[in-house]
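Line by line, the protein sequences give chains Y and S.
Just so you know, we're using the numbering used here here: the first sequence kicks off at 414 and counts up by one.
Just so you know, we're using the numbering used here here: the second sequence kicks off at 414 and counts up by one.
Since no wrong hints were added, every one of them can be taken at face value.
As a list, the in silico DMTMM-like pairs of lysine to aspartate or glutamate whose alpha-carbon atoms are at most 25 Å apart:
1) Y:K568 <-> Y:E590
2) S:K568 <-> Y:D453
3) S:K568 <-> S:D601
4) Y:K568 <-> S:D453
5) S:K568 <-> S:E522
6) Y:K568 <-> Y:E555
These aren't lab readings, by the way, just hints derived from the structure by calculation.
2 protein chains.
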Amino acid sequence: MTDPNGPPRQELLGFASMSMNFSYCGNCGARTVIRIPEGDHLPRRICDNCGTIHYENPRIVVGCVAEHENQILICLRAIEPRRGYWTIPAGFLENGETLEQGAARECQEEALATVQIGSLLALVNITGAHQVHVFFRAGLAEPVYGVGIESLETKLVHAADIPWNDIAFPSTRFALERYLEDRAAGIDSYHSTELTRRL
Amino acid sequence: MTDPNGPPRQELLGFASMSMNFSYCGNCGARTVIRIPEGDHLPRRICDNCGTIHYENPRIVVGCVAEHENQILICLRAIEPRRGYWTIPAGFLENGETLEQGAARECQEEALATVQIGSLLALVNITGAHQVHVFFRAGLAEPVYGVGIESLETKLVHAADIPWNDIAFPSTRFALERYLEDRAAGIDSYHSTELTRRL
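Can you build the whole structure from these sequences, using the hints too?
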């Protein structure tokens, strides 16, 4: 069993800003400098030894609101940030997987639940954290789930029992609220917003 | 004026795979090793000198199908890959901007066009290139546009005049096809697909 506060695994960091430090060149190990490359319009970390430009771009967090018979799957976070607060399964998209595959994998990892990913629910731009959060609707065919190593507890709850005062992140709150509004209205739309900060 | 074949600007690389080389640690300059960190499930580039884990995640490309009076804005690429082929304005999302802001900026850069970004058109997972392409519908209030430094030519074309045999990328072809189908059907939906390779 892994100490959840121990290893600096990307998932275990939750949605912490994952900006890299490029003080040294990843290609040759020389010191980098910050400069706007010729033909570019933004400052970048540049290696004058080998010419490598170290671009930094937003990362994608994928997640889902997974439902079984009107109940929604939520997870109590075992890890910082926001340990002890409730969230829906979500985490960083990995190379080689689709958005939908990533969202399903996170459900498996955090709640040991196999879900069928459905329609797009929300695109949340977290500009201050250099992240885009992508949430889907999902279905849990059977009420089979468990407690993954990133969770302290997981459960299926009716809308009336969602612990709104203890939701971990504004983006997951946004996703849950839009999900319930759409469900009540019988529609299946997607929603886009910008949240400048995570917390 | 910048030589479009010159500087290794990220935009100028088009949608080339931007995977970083992390042979050396960006934080301390020491050699890295490839290993699965404790508690993780994927191999990462790790620095045993300072403990930094170099995560690599998919990058986001944003673009739009911009319309003015039934005509669509397309750009002839001045840069590799696919120099001399037609595309819609698109490029890498930058830190600090929303998906919509990034799509509008690319339109400005590549076609000197100011657009109003509308609804989501397509999510294209390019798993082999570690990219997610996000396309929006957009409106061009006036037929005012020009030739940005990444373009050889730009123009507004009717659907019948789209140069299908000379489209730069499968993802832009997918976006254009879905756009026209939806427009013909009078609907405004979004589409999701996976393309394993860019070309």
